[in-house]
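S.K.: Read off the chains here:
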Amino acid sequence: MNDTAIQTVSTSSSTVSQDDINAAVWAACDTFRGTVDPSIYKDFVLTMLFLKYVSDVWQDHYDAYKKQYGDHPELIEEMLKNERFVLPASASFYALHTLRHSPGNGERIDKALHAIEEANITKLRDVFQDISFNSNKLGDEQQKNDILRHLLEDFAKPALDLRPSRVGQLDVIGNAYEFLIKNFASTSGKKAGEFYTPPEVSSLMARLMAPQEGDEICDPTCGSGSLLMKCGRLIRERTGSRKYALYGQEAIGSTWALAKMNMFLHGEDNHRIEWGDTIRNPKLLDSAASLKHFDIVVANPPFSLEKWGFEGADADKFSRFRRGVPPRTKGDYAFILHMIETMKPGTGRMAVVVPHGVLFRGAAEGRIRQKLIEENLLDVVIGLPEKLFYGTGIPAAVLVFRKNKADDKVLFIDASREYEAGKNQNVLREVDLQRILSTAQARKGVEKYAYLATPAEIAENDFNLNIPRYVDTFEKEAEIDLMAVRKEREQLKTQLVSLEAQMAVYLKELGYE
Amino acid sequence: MSIDAIISNLGALAVVKSGYPFRGSIEEAADADALAVQMKDVDPEHGVFWPGVTRTALAGRKQPEWLKAGDVLFVSKGARFYAVCIDEPPNQAVCSPHFFHLQVALQTPLVPAFLAWQINQPPFQRQLQQAAEGSSQLSIRRPVLESLLLSVPSLADQQRIVALTDLARRERHALHQLIHNREQQLQALAEGLAHAAQAAR
Numbered sequence: 001m002n003d004t005a006i007q008t009v010s011t012s013s014s015t016v017s018q019d020d021i022n023a024a025v026w027a028a029c030d031t032f033r034g035t036v037d038p039s040i041y042k043d044f045v046l047t048m049l050f051l052k053y054v055s056d057v058w059q060d061h062y063d064a065y066k067k068q069y070g071d072h073p074e075l076i077e078e079m080l081k082n083e084r085f086v087l088p089a090s091a092s093f094y095a096l097h098t099l100r101h102s103p104g105n106g107e108r109i110d111k112a113l114h115a116i117e118e119a120n121i122t123k124l125r126d127v128f129q130d131i132s133f134n135s136n137k138l139g140d141e142q143q144k145n146d147i148l149r150h151l152l153e154d155f156a157k158p159a160l161d162l163r164p165s166r167v168g169q170l171d172v173i174g175n176a177y178e179f180l181i182k183n184f185a186s187t188s189g190k191k192a193g194e195f196y197t198p199p200e201v202s203s204l205m206a207r208l209m210a211p212q213e214g215d216e217i218c219d220p221t222c223g224s225g226s227l228l229m230k231c232g233r234l235i236r237e238r239t240g241s242r243k244y245a246l247y248g249q250e251a252i253g254s255t256w257a258l259a260k261m262n263m264f265l266h267g268e269d270n271h272r273i274e275w276g277d278t279i280r281n282p283k284l285l286d287s288a289a290s291l292k293h294f295d296i297v298v299a300n301p302p303f304s305l306e307k308w309g310f311e312g313a314d315a316d317k318f319s320r321f322r323r324g325v326p327p328r329t330k331g332d333y334a335f336i337l338h339m340i341e342t343m344k345p346g347t348g349r350m351a352v353v354v355p356h357g358v359l360f361r362g363a364a365e366g367r368i369r370q371k372l373i374e375e376n377l378l379d380v381v382i383g384l385p386e387k388l389f390y391g392t393g394i395p396a397a398v399l400v401f402r403k404n405k406a407d408d409k410v411l412f413i414d415a416s417r418e419y420e421a422g423k424n425q426n427v428l429r430e431v432d433l434q435r436i437l438s439t440a441q442a443r444k445g446v447e448k449y450a451y452l453a454t455p456a457e458i459a460e461n462d463f464n465l466n467i468p469r470y471v472d473t474f475e476k477e478a479e480i481d482l483m484a485v486r487k488e489r490e491q492l493k494t495q496l497v498s499l500e501a502q503m504a505v506y507l508k509e510l511g512y513e
Numbered sequence: 001m002s003i004d005a006i007i008s009n010l011g012a013l014a015v016v017k018s019g020y021p022f023r024g025s026i027e028e029a030a031d032a033d034a035l036a037v038q039m040k041d042v043d044p045e046h047g048v049f050w051p052g053v054t055r056t057a058l059a060g061r062k063q064p065e066w067l068k069a070g071d072v073l074f075v076s077k078g079a080r081f082y083a084v085c086i087d088e089p090p091n092q093a094v095c096s097p098h099f100f101h102l103q104v105a106l107q108t109p110l111v112p113a114f115l116a117w118q119i120n121q122p123p124f125q126r127q128l129q130q131a132a133e134g135s136s137q138l139s140i141r142r143p144v145l146e147s148l149l150l151s152v153p154s155l156a157d158q159q160r161i162v163a164l165t166d167l168a169r170r171e172r173h174a175l176h177q178l179i180h181n182r183e184q185q186l187q188a189l190a191e192g193l194a195h196a197a198q199a200a201r
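Protein chains in written order, with our numbering: chain A, 1 to 513; chain G, 1 to 201.
Read the hints as simulated data drawn from the structure, not as lab findings.
Here the structure is a predicted model, which is why all the values come from computation and not from measurement.
It is possible that some hints are incorrect.
Cut-off 25 angstroms, straight-line C-alpha distance, at most; resulting in silico cross-link-like pairs (DMTMM-like, lysine to aspartate or glutamate) [what the hints assert, rightly or not]:
no.	chain 1	residue 1	chain 2	residue 2
1	A	Lys403	A	Glu365
2	A	Lys409	A	Glu460
3	A	Lys283	A	Glu341
4	A	Lys423	G	Glu27
5	A	Lys423	G	Asp4
6	A	Lys423	G	Asp166
7	A	Lys317	A	Glu365
8	A	Lys423	G	Asp41
9	G	Lys77	G	Glu146
10	A	Lys487	G	Glu183
11	A	Lys508	G	Asp157
12	A	Lys444	A	Asp481
13	A	Lys493	G	Asp157
Simulated DEER-style distance windows between Cβ atoms [to be verified]:
no.	chain 1	residue 1	chain 2	residue 2	range
14	A	Ser498	G	Ser151	52 to 62 angstroms
15	A	Asn424	G	Arg126	31 to 41 angstroms
16	G	Gly24	A	Gln212	47 to 57 angstroms
17	A	Gly240	G	Arg23	46 to 56 angstroms
18	A	Phe474	G	Val15	50 to 60 angstroms
19	A	Glu153	G	Val15	28 to 38 angstroms
20	G	Gln121	A	Asn424	34 to 44 angstroms
21	G	Glu28	A	Thr35	40 to 50 angstroms
22	A	Asn424	G	Ser25	19 to 29 angstroms
Heads up, incomplete: computed chain A residues facing chain G, CB under 10 angstroms, no partners named [what the hints assert, rightly or not]:
no.	residue
23	Val427
24	Glu430
25	Glu460
26	Asn461
27	Asp462
28	Leu492
Heads up, the beta-carbon is just placed ideally off N, CA and C, and yes, glycines get one too.
Chain G extracted, bound-state conformation (with noise of 0.2 angstroms):
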């Protein structure tokens, strides 16, 4: 079976954006106004973690890309190539260079949440691995994402996709807590036995 389509390049859809133009390292400032959000706070499972962003002072005249609820964070450089959809950042924000920067226009048939999830597919993944660049880090340049072939099915499936993907962490999350439920089961066992073993010492 197959689900109907429309293939369209990245580009097509969604802006994609550079990140912030830090110069050098990221300075935490605490009373500054600004977010900046860098790789240590992102991970492909739960996203960005706001309450870890480092706080910082925005130097450049460049006028800022505020990130906003739906935004997709596309990590362009090192080991893993990968996508995550953004909720509303608590704060004005930016994302590092390490970043590309991707929204969905507002007229375009495309959800958010299923681009990030489809960019993190092994056949897109395989796209980007063989388009990535560079020899002590690899790296993916803006026109290769923008090429970056995509499938786009109905909204309706789209959200479907994307609430089984919820469903699915969810249940790898429960089936985690069901190992490490029995692991305590067996400690609960073994601690019983040298209790009684010590009591008769």
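Same shape as in the complex, but just chain A (with noise of 0.2 angstroms):
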């Protein structure tokens, strides 16, 4: 027996896994399987886990006081005014929960999560409003009042008790999150998978930024927030400190929703999160109203959206076309040169995840290359296996700019063929991004893995920056021996004619001639 499974028996009775509140979460997602689409529904499992969540910490706190204080309700009340989370008590879930008999659960939902975003207006304004319980997408009121009570007796499960005192440290319910999150995006394919960055690819990007104490670190295309959490947790894990800020921004309303939630299950209060499209309605401003800097920004942008903006990037007020307009319909490099200006001077660096037509398509989009090429922005080109991201099998690159480079060159590395081969997905493994982030470290040639560019090699290969142009992974074939081909020629047609005359002996045998 294992370290592990023995901990598990010791102390089953009173903690929880991980896997035991993922299978439990998932679970809860069999009730609107087959009638209501995983897009939709995702939004329902995800808010009902963080309702959950809020009302068992509140119980959790309030048990505790009671015990401390019990004889002074009315201290208790006032200790529970300072919580993270003020809990209406017809708000809390065990109040829906005892009424999920009675009809009207939609309405009744919907108002407890109107009540606790009233109640904690500075936190969670507005994160509500997309989600509405009440709605016709899940079938007539006796439908929509029955797969409600299914999803409030799912949650009432005892596996599903998220009481702190119970489950211990917190990030086990935002990992929960996560996973369904992830889950969401590999089962429903694009259309519900907000293009999801698989986990290994979000660490990383979050260690080439290798992220420290105080760092300002944004993604402006957020999605449910998981790139920003991992550069938050490795700071956390390599200084112990919590001093650092996050700021995201999301197009799709009930996305940034999830990010909201997901930042708050995972403790990462210090957070900004911003509604709306990057391109054409950047939120993240300072106060002089322009491009709000940061030390990191990080993104898996959609690849080739084919409505990015392009009608009003000539009159961009924050001047970010300056370099060249992307093409009408990919924006790709809309998305990067974004980016590029929100790097902090001195500090700023930026990691992006591009589909591999970025390296080399011409026109507007060389334009742009061959000027962030010659400003001597464009740091590391890592590309990477096939079949990494959910809904897409194509392979991707991760470019690295940085404001202060250390030399003028740029290093280019092949990851594309190690990984673990999974059965619809890859998988890299901890030794591939160790194997990428030493030699993006080392910043030196590797045959045939990494080669260090000078501006005037790439200037020879006209700014198309196609990998196989820089790293060489072409494998020399043994050569081969003419004679020794000629002669095994011989042998074999030799031994072919004495195989047909056998042959032909059994056939007279058997009578055919």
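Since each chain comes alone in its own frame, lean on the hints to assemble the complex.
M.R.: Below is the structure:
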């Protein structure tokens, strides 16, 4: 028996494992399956998890206070006003669960969410506005009420008792939340996947950026916020400090709400996540109404977005497109240019996931690429294996840009051949990540893996960054011995003649002539 | 022309047994005493690939039906139904329930390798395909296999056909090598030209 097994046995009565919670939450999704599309029900399940968590934390603290100050209800009430989240009694999960058999579940849940938003307005403003449990998407009144009753019952299961005194460290819940987001991404494809970045890729990007205490970190297309949280977690793990700030912007309202809830569940209260389209309406501005600058900018923007905001690009008031306007139907460079503009002078650094076309497409994109290279902003180009992302098989690359580069060269890393093959998806292993990171850090060529290209070499290639032009991974075939080949040929022909003769004998004996 | 043959049910010439009733997946156990032949270990061209067979402990109380040389394994589930005649197992071995385990009785005038060959031929495959059942995965039930009509010529003719089959397999292999050989010739030619081009640069 190994250590973990012993641990589970000895503590199973009081604590709970990540897997238990994940399984219970995933089971709750079964209530919806077949009736409602995952892209819709994911919002309900995730919101319910948030509501349950807030209620359980509240209840846990209430019980503790009650033990301590049992005969002073007004004192308890005062103490509870200092909670991270204030929970009006009628809005708790338990109140909703108690009334689950009477009609109007949808309306009751909506009201409860509204009340929670009101009571925590600075933290939760608008978070629940796009999520209506009283929605026709769940079917007619009868069916809706039934589904929601099941949902309340699923979350009332003992496995989903999320009180801190039972669950221990906070992240178990945040992880369950991320588990669901990830699973929704992989099961329902792009539509509901919101371009979720696989954990190894976000981990790679966070580690490439080497976030420091005090850094301001931004993801202008943050989705559910997992990439930002990877950066934050890295600072906590390396320095123990919580001194950093996370910034994000997300265009889809319901995903923005998920990001907010996700942040709170992970204890990342120091965040500012804005709702809006980053290119058409950037929301992360400073006091002078110009783009705010960050130490780290990371993103996995939608690949080659078709309607990215070409119309307004010429007259962009932040002049983000002074190096050129990206093509009307491909938004990749729009996001890259936005990110470039939001890097702080000095410390500013960024990592962005792009489709390979960004490396070699010509016309406007070629001209923008040339400018970025000539300004000496591009630092590293990393080619990733194919089939790494949910909902798309195409290979992607990570580009690293820096304001203050150490030299004027670009490091190319071809990491496309080192991964663990999966059934639907490939996975980068820790060794693969380590190899990329140590190569990036050493900033030296490695045979068949990495190449440090000079500006002259890149110019000679017309600023085409296609990785095979720089990293030669071609395996030389063993030299063919023509004499041996010819000799084998003669032997095979003799062998065939002999086989033919032997078969003729048998065939004759069988009566075939 | 035709070969004289006796028409008979498969069930009258061979005993059809089920594979060993494993519960769940077959767990690898390095020091266990039995081999368990699974679908992955078998292909119609080469039979059982013994070095790859999983070693496992047999848990059931049922006395296992050990495989022996000359037994025929019939793949009864999946995209293709086919039979292979096995050689001597390197250790005591059973097959998984995806197979039927066919044994020709001692005095029966049927060569096992001939039996396997005949099952794999188109007219007999047609019979099997027509009798296959199942909604998500097709399978052949034991009575269906037992009722498969075989056409059994004299022992000498059976042996001739088995020998022909083996020669044909070797012919196929030689022809593949011949194709590969020609590709190598052409590749050597191309590399010689590319080399000349590089030298001129």
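S.K.: Now look at each hint and say whether the structure bears it out.
M.R.: A quick look at each hint next to the structure:
1. In summary, the hint linking Lys403 (chain A) to Glu365 (chain A) is supported, as the alpha carbons are separated by about 21 angstroms, within the 25 angstroms threshold.
2. At roughly 14 angstroms between alpha-carbon atoms, Lys409 (chain A) and Glu460 (chain A) fall within 25 angstroms of each other, so this suggested pair holds.
3. At most 25 angstroms may separate the alpha-carbon atoms for a hinted pair to count; Lys283 (chain A) and Glu341 (chain A) meet this at roughly 14 angstroms.
4. Pair hint Lys423 (chain A) plus Glu27 (chain G) holds up; C-alpha atoms about 21 angstroms apart against a cutoff of 25 angstroms.
5. The suggested pairing of Lys423 (chain A) with Asp4 (chain G) is violated, with an alpha-carbon distance near 51 angstroms, which exceeds 25 angstroms.
6. For the proposed pair Lys423 (chain A) and Asp166 (chain G), the alpha carbon gap of about 37 angstroms is over 25 angstroms, so the pair is violated.
7. The suggested pairing of Lys317 (chain A) with Glu365 (chain A) holds, with an alpha-carbon distance near 21 angstroms, which does not exceed 25 angstroms.
8. At roughly 20 angstroms between alpha-carbon atoms, Lys423 (chain A) and Asp41 (chain G) fall within 25 angstroms of each other, so this suggested pair holds.
9. About 15 angstroms separates the Cα atoms of Lys77 (chain G) and Glu146 (chain G), which keeps this hinted pair within 25 angstroms; it holds.
10. For the hint pairing Lys487 (chain A) with Glu183 (chain G), the CA-to-CA distance comes to about 15 angstroms; that is within 25 angstroms, so the pair holds.
11. Between Lys508 (chain A) and Asp157 (chain G) the CA atoms are separated by roughly 11 angstroms; this keeps the pair inside 25 angstroms, and the hint holds.
12. Of the supplied pair hints, the one linking Lys444 (chain A) and Asp481 (chain A) is violated, its CA atoms being roughly 37 angstroms apart against a limit of 25 angstroms.
13. Distance check on the hinted pair: Lys493 (chain A) and Asp157 (chain G) sit about 28 angstroms apart at the alpha-carbon level, beyond 25 angstroms; violated.
14. Taken as a hint, the range 52 to 62 angstroms is violated for the pair Ser498 (chain A) and Ser151 (chain G), whose Cβ atoms sit roughly 30 angstroms apart.
15. The supplied range of 31 to 41 angstroms is met by Asn424 (chain A) and Arg126 (chain G), whose beta-carbon atoms lie about 36 angstroms from each other.
16. The beta-carbon spacing between Gly24 (chain G) and Gln212 (chain A), approximately 51 angstroms, falls within the hinted interval of 47 to 57 angstroms.
17. A hinted range of 46 to 56 angstroms for the beta carbons of Gly240 (chain A) and Arg23 (chain G) is consistent with their spacing of about 50 angstroms.
18. Evaluation of the 50 to 60 angstroms hint for Phe474 (chain A) and Val15 (chain G) yields a pass: the beta carbon distance comes to about 57 angstroms.
19. Distance hint for Glu153 (chain A) and Val15 (chain G): a CB-CB separation of about 55 angstroms, inconsistent with the stated range 28 to 38 angstroms.
20. Between Gln121 (chain G) and Asn424 (chain A), the C-beta spacing of about 38 angstroms keeps the proposed range 34 to 44 angstroms intact.
21. Remark: the range hint 40 to 50 angstroms for Glu28 (chain G) to Thr35 (chain A) is upheld by a beta-carbon distance near 42 angstroms.
22. The hint said 19 to 29 angstroms for the Cβ distance between Asn424 (chain A) and Ser25 (chain G), and at roughly 21 angstroms that hint holds.
23. Against a cut-off of 10 angstroms between C-beta atoms, the interface hint on Val427 (chain A) is violated, since the closest Cβ of chain G lies about 22 angstroms away.
24. For Glu430 (chain A), the interface hint is violated, since its Cβ never comes within 10 angstroms of a Cβ in chain G; the closest pair sits about 25 angstroms apart.
25. Annotation: interface hint on Glu460 (chain A) violated; nearest CB of chain G at approximately 15 angstroms, more than 10 angstroms.
26. Interface hint status for Asn461 (chain A): violated, as the beta-carbon distance to the closest one in chain G is roughly 17 angstroms, over 10 angstroms.
27. Given hint, Asp462 (chain A) at the interface with chain G, is violated; its Cβ is 19 angstroms from that chain's nearest Cβ, farther than 10 angstroms.
28. A distance limit of 10 angstroms between C-beta atoms decides the matter here; for Leu492 (chain A) the minimum to chain G is near 5 angstroms, and the interface restraint holds.
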